[in-house]
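The hints should help you fit chain B onto chain A, whose structure is shown.
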Amino acid sequence: MEIPAIVGAGLVVIGAGIGIGRIGGSAMDAIARQPEATGKIQTAMLIAAALIEGIGFAALFAV
Amino acid sequence: MQRKVYTKVLVAIMMLFAINLNAQHHETSSNSHEAGITKESVKATIDHHLIDSYGFSILHGVGFPLPVILWNDNGLHVFSSSQLHHGVVESNGDYFKEAHGKIYTTDAEGNFMDDGHGHHVHPLDFSITKNVFTIMLTVLILFFLFKGMAKSYNKQLPSGFGRFMEPIIIFVRDEIAIPNIGEKHYKKFMGYLLTIFFFIWFLNLAGLMPFGFNITGNITITFSLAIMTFILTQINGKKDYWMHIFWMPGVPTPMKIILAPIELLGVFIKPFALMIRLYANISAGHIVLMSLIGLMFTFHSYFAGTAFFGLTMFLSLIELLVAALQAYIFTVLSALYFGMAVEEHGDH
Numbered sequence: 001m002e003i004p005a006i007v008g009a010g011l012v013v014i015g016a017g018i019g020i021g022r023i024g025g026s027a028m029d030a031i032a033r034q035p036e037a038t039g040k041i042q043t044a045m046l047i048a049a050a051l052i053e054g055i056g057f058a059a060l061f062a063v
Numbered sequence: 064m065q066r067k068v069y070t071k072v073l074v075a076i077m078m079l080f081a082i083n084l085n086a087q088h089h090e091t092s093s094n095s096h097e098a099g100i101t102k103e104s105v106k107a108t109i110d111h112h113l114i115d116s117y118g119f120s121i122l123h124g125v126g127f128p129l130p131v132i133l134w135n136d137n138g139l140h141v142f143s144s145s146q147l148h149h150g151v152v153e154s155n156g157d158y159f160k161e162a163h164g165k166i167y168t169t170d171a172e173g174n175f176m177d178d179g180h181g182h183h184v185h186p187l188d189f190s191i192t193k194n195v196f197t198i199m200l201t202v203l204i205l206f207f208l209f210k211g212m213a214k215s216y217n218k219q220l221p222s223g224f225g226r227f228m229e230p231i232i233i234f235v236r237d238e239i240a241i242p243n244i245g246e247k248h249y250k251k252f253m254g255y256l257l258t259i260f261f262f263i264w265f266l267n268l269a270g271l272m273p274f275g276f277n278i279t280g281n282i283t284i285t286f287s288l289a290i291m292t293f294i295l296t297q298i299n300g301k302k303d304y305w306m307h308i309f310w311m312p313g314v315p316t317p318m319k320i321i322l323a324p325i326e327l328l329g330v331f332i333k334p335f336a337l338m339i340r341l342y343a344n345i346s347a348g349h350i351v352l353m354s355l356i357g358l359m360f361t362f363h364s365y366f367a368g369t370a371f372f373g374l375t376m377f378l379s380l381i382e383l384l385v386a387a388l389q390a391y392i393f394t395v396l397s398a399l400y401f402g403m404a405v406e407e408h409g410d411h
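Chains as they are written, first to last, in the numbering used here: chain A, 1 to 63; chain B, 64 to 411.
So that you can see chain B by itself, here it is in the shape it has in the complex:
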């Protein structure tokens, strides 16, 4: 019995070493300068990890391009992102060029065009970028995993993946949904809460994998998630909810007038804080982790390398905890806002 436990622990530790495949990635891409690994090249690598990009480039030369889909007055333009590396791309009479991670309309030589207000002209961008591709992949994985789990309930008891997930789903229902929303209305919101919980959790985990899928560390993604919570709360707001915002019952009238703008501000600040909390936690974690890995290489000594490696491993474990915790916090706060929206009189 003891030996079985030991071998499992050993295998787990060796798999954790895989997290430091990150280190290989940075070594190869920052060794393009003759000076080796400097502070600037580490910074460039970190920035490259954090931003979205039009194609996958896992290591130098390994990766695949993704379709670029643009729309302007001349219609739809679709081409492969590998053409963007060669400079100006021509498509249906329009020329496009990529600069700083964005695509702009240019003329045939590659000069940017300005509209009247001093900005460069750019087409509407519907491309499948790295982030979009990863989100679609995660959605497919989630869909098939949970569909299989639902089907396995035909035999009354789930099996495999279902066994692992059932306590978590019951946790979301009994500890997050029912205490915050109440017995009467919680069923309406269970679909959204479960989806948000697993979606954010899986996206955070994807960000920790060695090949740079930084998704929830992108403020536009967290903005969309927060907007969804915001729209759902406002749609489901009952009369008591709006009364509490604009004309708070139970306080003297001068206070009511003072409270109304503050409460209205609160309606917008709460989803805003949701967005910032998730974005800042995840991207700060990534920056710290990658800076430590970069530090591992800039001190050219074995002792510093080993010490920073240990610290990186420890921080990676904490990042795993943060991934699940941030998903839980987002779900709990969303449930709290839903509860406030559907709360009926008589609960005071």
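Chain A extracted, bound-state conformation:
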């Protein structure tokens, strides 16, 4: 468990967190604008979040 590895893991989590946070935020704005499209927006948000989480986990395991 060296220090560079730990720092790298922390950076990966920050990146994934920022990415998914932004997606969530845009999704909330979109739902507020058009409540009847909630289903589609939720689906798209989940797919995008899962893709970003995939990268995050892959990097975390590589570290």
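Here chain A is said to cover these stretches of chain B; the calculated rule only asks that three of the stretch's residues, wherever they fall, bring their Cβ under 8 Å from a Cβ of chain A: (1) 342–352; (2) 381–392.
Far from chain B by the CB rule (all over 10 Å, computed), these chain A residues: (3) Ile-6; (4) Gly-19; (5) Arg-22; (6) Met-28; (7) Arg-33.
None of these hints come from the bench; they were simulated from the model. Glycine included, every Cβ here is placed at the ideal spot set by N, Cα and C.
Same frame as chain A, now just chain B:
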């Protein structure tokens, strides 16, 4: 009406307590050292949960052995995994011993043999291990549940299990298959998509049960699932699909030459990402959950124990969501890749 709801909620909460039967499991198996529960014994318990093993050992002394099936030049060797605990096993003139969860060929005293390249000699292993057994069990459960559901449609309306599953199956068809694959070709892939969805969902749920069936947290399992999606997309690729990979239409020629290797890499990276995503999500969830339960015991104070218990319960609920969500994501992405493979010209 209010009282009925309250009793149901109370029963549900009490059943959630059952998830922390996990805690009992770890207590008994890590109390084998005199020092009690230490960081090392927690780590050993977590590793024991994550890996496959040749027999069931639910608690100390409770469990049953599974058949070990090996194949080498001398033919088939079958014996019970309980013999592996005693050291060297003799079968039809060959000796086998287990080390680090794998079986190796040895001589009569138990020394490992080396082939020319520095590796230990091992036979081909076709054993029914814990994971294989659980997968077979899940397959049987799925088969009988859905067969019963199909039969109940004889009366036009499903009943029982069918009532619960019909909206989900319609969801898979209308929200996952048709938007991604299109009206023309979706029927070919519905069987695979439905199977993958329920299979991964049920396997993830099995991983959350108290006795340690960590299956989708095993990279070989997710590798096989991703390989199936990969093979299906390549088999069903139409001419437009291959054109888009090797000679992308609509861009200038230098770009086409640059894009070809990148697209080819993408063909392999997409199933690879499917494999890593499912594996990492599920195994990371298990590690975090079990580390928290271990933390519950290492701080020898009631306040910390209660606090970590609450956190564990909360995380278990999130893990339930992740189980269904990862199954959904795998299915959606598989449908997306199928859609790209069978997409016909004129959709641009």
